[in-house]
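Asker: What follows is each chain in one-letter form.
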Amino acid sequence: MASEEDEFALMFHEFYPSLCRFIACLLGGRGASGIAQDIAQESFLQLHRTGLRSLPAGEARFWLYRVSRNFALNELNKGHTRQRLVGRVVEVFRAHVPTPEEEFESAERKDLLIDMLKTLPEQQRAALLLREQEELSYKEIAAVLNVSESKVKVDVFRARTLLRERWGKRQNAVARSSSSSQAG
Amino acid sequence: MKCDWIQKVSLLIDGELTGEAAREAERHLAACGDCQQAQADFLSLRQQIAAYKIDSDAFAEQRALKRILAAGGGGGAKLEAEQRVAKPRRQRAQFAGVFGLPRLSPVGLAALLLLLVGIAIGVVSLVNVRRAPVEVVTTTTPPPAPDNNANRNANINGQTPPPPRVAKDLTAGRDQQSGGKIIAGDDPKATGESLKGANRNAKGGMRGGANMRRDESAGRKTPRLSSSPKLNQPQFEMPAIVAANNNVEAVDDGSGAFETGDDLLRRDENVTATSKTARHVEQAHLLLRSFRNARPSDAGTRASSDLAYDRRQSKKLLYQNIVLRREAAGRGNLPVESLLDSLEPILIDIANLPDRPAPADVREINERMRRKNLVAMLQISSVESASARNF
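Listed in order, the protein sequences are those of chains S and P.
When you line the first sequence up against the working numbering, it's residues 1 to 184, in that order.
When you line the second sequence up against the working numbering, it's residues 1001 to 1391, in that order.
Chain S on its own, in the form it takes in the complex:
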């Protein structure tokens, strides 16, 4: 029978990358990956201290997401992080319509969608990420976020609708800009 340490190592290798990705997306793509790794390690450290076997079977994964999200929220609440996020939100919604070249450059920075994701309220963002990246059910998401299942249902739907609308607007702006530059 595998020792607790082996079980922990197995779990670490299985969930560490996805936990890092979840936190990085929650905090915001650029530059967040380093913080995400620190938070993920801190969460696993907490889990190790708590003891894997002291948690109910199958609960450890959700526990990790819960704890790491709390760490991420702390990080988000820090002043510099907030300022950085506000700066990015302003950038996303800046008044001038970006040219297609700028769009392509931005796409090459690989986080066009993640930029938009960051403009969602944190609860909606977390619910959507847990659904789409981690493929958790609404019930499991509710357990991780400590909210009701019906709230998860609404949050996921609102997040999707908002992203869809914003993406559509952006695409229209790009199409208009591209057609006007071709006409010119």
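Quick caveat, the hints were computed from the structure, so don't treat them as lab data.
Even for Gly, the Cβ is constructed at its ideal location relative to N, Cα and C.
Check each hint, because a few of them may be wrong.
[Unchecked claim] Computed, partial: chain S to chain P, Cβ under 10 Å:
{"id": "1", "residue": "GLU5"}
{"id": "2", "residue": "PHE8"}
{"id": "3", "residue": "ARG49"}
{"id": "4", "residue": "SER137"}
{"id": "5", "residue": "PHE157"}
{"id": "6", "residue": "LEU163"}
{"id": "7", "residue": "TRP167"}
[What the hints assert, rightly or not] One side only, chain P facing chain S, incomplete, derived with CB under 7 Å:
{"id": "8", "residue": "ASP1004"}
{"id": "9", "residue": "SER1010"}
{"id": "10", "residue": "GLN1037"}
{"id": "11", "residue": "LEU1065"}
{"id": "12", "residue": "ILE1068"}
Once you have looked at the hints, place chain P on chain S.
Answerer: Same frame as chain S, but now just chain P:
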């Protein structure tokens, strides 16, 4: 005006609707354009979010695990000390790991850096010395035709014939975008086409990367869209390579007929779509066979975990199925579309089975599969695509 059912669509793609509610939503979806568009957009968003990757380092991960295991066993003071030094130690460990050295003193590090800078300067000056005469040769003496053929063939086969080797290296190293300076020497028309094709393909890839909506009228597959350059890279490079190779072949034939960039892109997309569909059909075939062979009477014990796997797999295949069916419809590929169309309700039913499905439900799905002769159809399609790939 937005349809009120869009929230149901969101629940449906998450597998949160069961039984009659799911069927009702499917029926509505089949008839409502708004909801179909919403479903496509939601699935596209899902693909993009799920495809987001962050850089990972297996070595650093292993180090982190060791540190956690070491720190977790101690008391609070030890833990805090460990956390305080965690980051610098990780960086140093990564650095040491890269060079295969256990630990470097500052003097050793400085010596290593100096050595590296010296090597870099040496390499740069060597490259400059080699470049200058070659440029003169390539610009003043165009190579004769037989050599060019050998060179072209070498380009195709990935070999390097002796005389034009320097020129090939030079063109590859200096200007990747022109991607065929040797061909330019032979046939300007071919190169012009090649460049146009490559540029158009690159633009197509970029548009694809930025465009979330599906361009069904053009039969073009866009939903695998990501803002990530890693994912976009193959879309940029592959058609360009195909275009370059194709032009080389065209010159060899001497037929004078060149495919345009759009033709190449379309052909490439068709090949990709066909292989994706073939893989999908194979997977679906295996799933349905496995589901058909599961015994409903065992539902309480082992089979319930088997069915859990079937349900998960079915959910996964369902998303692919929707995308591939729409692509097939866009391309006007009726046989594939109708096959995927008849597969879809079965996948939805399996995906929506409860944790402990009633034997009657399982039997009903099996009965529907049997009536549609679905497993046999998938097998035939799977065999056909396999033989098409072999020959």
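Asker: Look at each hint and say if it fits the structure.
Answerer: Results for each hint:
Given the 10 Å rule on beta carbons, the hint for S/GLU5 holds: about 6 Å separates it from the nearest Cβ of chain P. A cut of 10 Å between beta carbons decides the hint on S/PHE8: the least distance to chain P is about 7 Å, and the hint holds. Nearest Cβ of chain P to the Cβ of S/ARG49: about 5 Å, under the 10 Å cut. The hint holds. For S/SER137, the shortest C-beta to C-beta distance to chain P is roughly 7 Å, which falls under 10 Å, so the interface hint holds.
Taking 10 Å as the C-beta contact cut-off toward chain P, the hint placing S/PHE157 at the interface holds, the least distance being around 5 Å. Proximity of S/LEU163 to chain P holds as hinted, the smallest CB-CB distance being about 6 Å (cut-off 10 Å). With a cut of 10 Å, the hint placing S/TRP167 at the interface with chain P holds, because the nearest CB-to-CB distance is about 5 Å. Checking P/ASP1004 against chain S by beta carbon gives a least distance of about 12 Å; that is not within 7 Å, so the hint is violated.
Below 7 Å, beta-carbon pairs count as interface contacts, and P/SER1010 has one with chain S at about 5 Å; its hint therefore holds. Because the beta carbon of P/GLN1037 sits about 9 Å from the nearest beta carbon in chain S, more than 7 Å, this interface hint is broken. Residue-level restraint check for P/LEU1065 holds (minimum Cβ-Cβ distance to chain S is 5 Å; threshold 7 Å). Annotation: P/ILE1068 was flagged as interfacial toward chain S, and the flag holds, the nearest CB pair being 5 Å apart, inside 7 Å.
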